[in-house]
Amino acid sequence: MTKKASSSYSLAELASLLNATLAGDGECRVSGLSTLTEAGPNDIAFLANKAYAKYLATTQAAAVLLHPDYVDECPVSALVLDNPYLGYARLSHCFDPLRRDDAVTMIHASAVVHESAVLGERVFIGPHAVIEAGVQLGNGVHIGANCFVGADSALGDKSYLHAGVVIYHGVVIGERAILHSGAVIGGDGFGFAHDGQGWHKIAQLGGVVLGNDVEVGSCTSIDRGALGDTVIGHDVKIDSQVQIAHNVHIGDHSALAGCVGVAGSTRVGQHCLLGGGVGLAGHIDIADRVQVTGMSLVTNSITDAGVYSSGTGSMPNAQWRRNAVRFKQLDELSRRVRALERSQN
Amino acid sequence: MTKKASSSYSLAELASLLNATLAGDGECRVSGLSTLTEAGPNDIAFLANKAYAKYLATTQAAAVLLHPDYVDECPVSALVLDNPYLGYARLSHCFDPLRRDDAVTMIHASAVVHESAVLGERVFIGPHAVIEAGVQLGNGVHIGANCFVGADSALGDKSYLHAGVVIYHGVVIGERAILHSGAVIGGDGFGFAHDGQGWHKIAQLGGVVLGNDVEVGSCTSIDRGALGDTVIGHDVKIDSQVQIAHNVHIGDHSALAGCVGVAGSTRVGQHCLLGGGVGLAGHIDIADRVQVTGMSLVTNSITDAGVYSSGTGSMPNAQWRRNAVRFKQLDELSRRVRALERSQN
Amino acid sequence: MTKKASSSYSLAELASLLNATLAGDGECRVSGLSTLTEAGPNDIAFLANKAYAKYLATTQAAAVLLHPDYVDECPVSALVLDNPYLGYARLSHCFDPLRRDDAVTMIHASAVVHESAVLGERVFIGPHAVIEAGVQLGNGVHIGANCFVGADSALGDKSYLHAGVVIYHGVVIGERAILHSGAVIGGDGFGFAHDGQGWHKIAQLGGVVLGNDVEVGSCTSIDRGALGDTVIGHDVKIDSQVQIAHNVHIGDHSALAGCVGVAGSTRVGQHCLLGGGVGLAGHIDIADRVQVTGMSLVTNSITDAGVYSSGTGSMPNAQWRRNAVRFKQLDELSRRVRALERSQN
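Chains as they are written, first to last, in the numbering used here: chain A, 30 to 374; chain B, 30 to 374; chain C, 30 to 374.
The shape of chain A in the complex, shown without the other chains:
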C-alpha cells in the first residue's frame, strides 16, 4: 500500500468535485470524513438519512454534505446536493489511503511472471505473485502480494486484486474489478457422473466471465462452467463468503450479500438484491428486480419483480419448540379444521 501524498482538501475543491453547491467558506480545508456525531473540526460529515438529522445542530464537523432541505438548519459550512449519500460515496475515495493509480509499472523482484504474459501500462505486481503463460493485464491493473493468475486469463484496465486472490486459467475479468483477499475465481464446478457405485469427475471446461465494475468480497468463490461459462454481469456487487456455482448467470447491477449460495445453472436477473445467507436452488430463473430477504431459500423460478421470503421469525426457544412441534402436525391440523367446518354445515 502507498499512502496518498496528501488527503487535505478545500471545501471549494470538494464542491466542484461533487458538483455540489457550497454554503460557507471555500478556503476551509478538511482532512477527514466522519459521521455527524464523531466528526471533529478538521472533518467533513454527511447527512443522508433523516433519522440522523437530530445530530446536525450539534455536529463539530467543519462542513456537512446534505440535501437542500437541511441547509438552513446546518450550523456549519455545507455542501448541498440532491443525493448526499451518493455524494458521500464519491467523497469517500478522497480519503482512502489505498492509492489505485500507480504512475509507473512496478513488478516486485520476487513475483514470477511468465515471459508470454502481456502487461499494459502502470501495472503493479506485488511480492510473490504468480502470473502464468498467456495472461493479459490491462493498464493500471494491480496484482496484490501472493496472488495467482492462471494461464490465459485476462484482467481489464484498472482491475485491482488484493493480496492472496486466486484466478484460475481461462478467466476473463472486466475493467475496474475489485477482488478481495481469499476470493477464488474459476475453481471447478461441482460436476460428477454416478456409475451406480461411485462418482466420476466431469472436467469443468468452461470459464468464468466477469463484467466491468464487479466487486467480489473476501473468501468468495465463483466456479468455472462445465461447458459454457459462469457469467457475472456488469456492476454486480458480491459480498464475502458467497458461493456461485458453475454456469450461473448474474444480471447487471445485482447485489449479493454475505454468505449467499447460488446453485448450478441458475439465472439471476438484473437489479436483483439477495440478502445475506440466501440460497437459490439450481436450474431456476429469477426475474429482474427481485429482492430475496435474508436466509430465504428459493427452490422455484420467480417470474415477477418483488420481495420474497421464507423461514420463520426467531423467538424464545421454549416458545419455538412448542410451535415447531406443531409445524410437523400442520397438515393434520388443517384437516381437523376442515372437518370442524364440515360438521357445522
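Check the hints yourself; a few may be wrong.
Intra- or inter-copy, both count: the list cannot distinguish identical chains.
When the alpha-carbon atoms are kept at most 27 Å apart in a straight line, the in silico DSSO-like pairs for lysine-lysine are as follows [what the hints assert, rightly or not]:
(1) K230 - K79
(2) K187 - K79
(3) K230 - K187
Don't read these hints as lab results, they were simulated from the structure.
Given the structure of chain A, go ahead and fit chains B and C onto it with the hints provided.
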C-alpha cells in the same frame, strides 16, 4: 498450467476409449466437447437427459454420445453406450487444458522444500510453495503455486493441489485427491473449556485423514480432530464454502454441496447427499443413503435412508409475513382447534 | 512447524502444572493424551462428562484426570481437580507439536519485510510472508508462510498467524491472537450508494480492532468499517467460515460457531453464543448472554438474555411437503379457526 499437445481425436479413438459402439465415420476428428445446441462441426456433443432429445435432430455436432434408444434419430455420427452421462464425464477429460501427468519432477526455484521431505517421481511444486519437514509426496503429486504443506503431512499418488491450498501439519491425504484454491485442511477444531469467566483453548491434537479420490472445493475448510482424527472417506466429493468441524466422519461416496456445515463429532454414512447450505448439528449419526434437501437443519440422528427436509417454502414477502406471525401462535392455534373439537362432543 | 524437544511428563509435573491432587505414582511418565477408551499405557486420559464414567473401570491409561467424585472408582493413577475439562484444556497444550515460543527471531530469507516495520523480540516470519510499511509486530509474534500483513497494521505479543492469513492495512490485533489459514481481516465492507441506475462504491475508511485472546477460524472474513472500526472484543472465539460485516461489534467472551453471518453495524453483547450457521440482520443489538441455536435468523434486536431459535425441525420430505404447503395457508387457517370460534358463541 501446461496445454495438451493436441486435443483432437478421431471418433474411432473415442469409441474405444469409452468402450462405445460407433455408428458413423471413425476417421472423423473432433477437437471440442459441447452441448447439442452449441456444438459446431468440429465438436462432439452428448444426449444424457431426455429433455434435450428435441435438440438432436438439428444439432451441428460432428458426433453425439447417446443411448441406443436414440441412435436411429441421430442425424450425425454417434457413439452409443448405455450411460451417456458417464461417457460424457470420461470424455470431458480429453478436452481439459490442465494436464495432470507431468513427465518429470519440476520444482520451481522459488519453492521452499525442506530437505527432509520425501518426494516421489514426477512431482510438480509450483512457485512460492512451501513444503515443511517430514512431508511425503507420492508419485505425480502436483503442488500449485503458493501452497503450504505442513510438517509430516502426506499426499498420495497423483494428488493435485491447486494454487493457494493450505495443508496443516500431520494431515494424511489419499491418492488422486483434488483440492481447490483456498481450501484449508487441518486448521484447529473449535474447542474451548469455560472456567466461568472465559475461554481456555483446547489444543487440537488430532489430524485429518482424507481417503482416495476425494475432491475438496474452493474455500472449504476441514478442521483437525481434538484427539482422534477428522475422517473423510473414499470418493467423497465436497463442494466449495463447506465447513467440516473436528472429529467428523464422512462415509465413502457421499457428496456435500456448497455451503454445507457439519458440526463436531457428527458421523455421516456412505452414499449420502447433502444439499447446498445444509447444516448438521454436532454429535449425531446420519445413516447410509440419506439425502437432505437444501438449507435443511438436522439436529437429531437419522437412522433410516430417505430424503429429509426442514424449513418453509419461499413466497411473496407480504404473504410470508402474515404466515410467519401465525407460526409464532401455532401451538395456541392447535389448542384452540382441540377445544373446538371437544366442544362438539 | 518445529517439534517439541520432548513431550514426556511425569505425573508429578502435571499435577503441579494443573494444581491437581495426585493419587498414584508421581514418577510415572506419560507421553500422550487420549480418551478413556483409546488411551494406552503411556497416555493420560480424562473424565469430564459423566456419560463416559462407565469407561473408567476398563481404561488402559497410565493416569486419568478426574473430579474427586470418581477418584475411588479410578483403577489407575489419578490427577484430581474440580474442573477436569478445564484441566484437559490446560494439559492439551503440553502435547501440541506446534511450539509457539521460539527463542530467537527467525525471518525466512524469502520473506519480504518493509524496512519501516517494527519487530519485537523472538518474532518468526515464514517463507514468502509479506510485511508492509509501518507494521508493528509484538514480542513472540508468529507470521506463517505466505501470510500478508498490510501497511500500518499492528499485532500484539504472541499473536500467531498460521500460513496464508491476510491482514489488510490499518488493522489492530491484540495479544495472543490465533488466526487460522485463509482468514481475511480487513477486507472492504459491503457499502455502495445507488444512483438510480447502478452502484457507486463507498471507500471503507474504518479499520478492524481485535482484542486480546481472540481466535479466528479458517476461511473466516472480518470486514473493515465504513468510517468507524469493526470491533471484536477480548476472548472472542470465532470458528471457520464466519462472515463479520463492517462496523459490527462483538462483546467480550462471546463465541461464534462455524458459518455464522453477522450483518453490518450489528452489536452482539458479551458472553453470547451463536450456533452454527446463525444469521444476524444488520443494525440490531443483541443483549449479553444471549444464545441463538443453529441456523436461526435474528432480524430484530434481542433485549433479554436467553435462548432464541427460528426455523422448523427436519422431517421426512413427504411429511415436510404436506406441512410446508399448509404453512403458506397458515394465516387463512387461523382466520377459519376464529370463524369457527365465533360461530359457537
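Can you tell me if K230 and K187 fall within 27 Å by alpha carbon in one copy, between copies, both or neither? Answer is between: at 15 Å across copies they meet the 27 Å cutoff, but 36 Å inside does not.
Using 27 Å as the alpha-carbon threshold, which applies to K187 and K79: within, between, both, or neither? Neither. Shortest intra-copy (36 Å) and inter-copy (46 Å) distances fail the 27 Å Cα cut-off.
Up to 27 Å CA-CA - K79 versus K230, copy category: between (55 Å within a copy, 22 Å between copies)
Hint compliance for this structure: hint 2 alone is broken.
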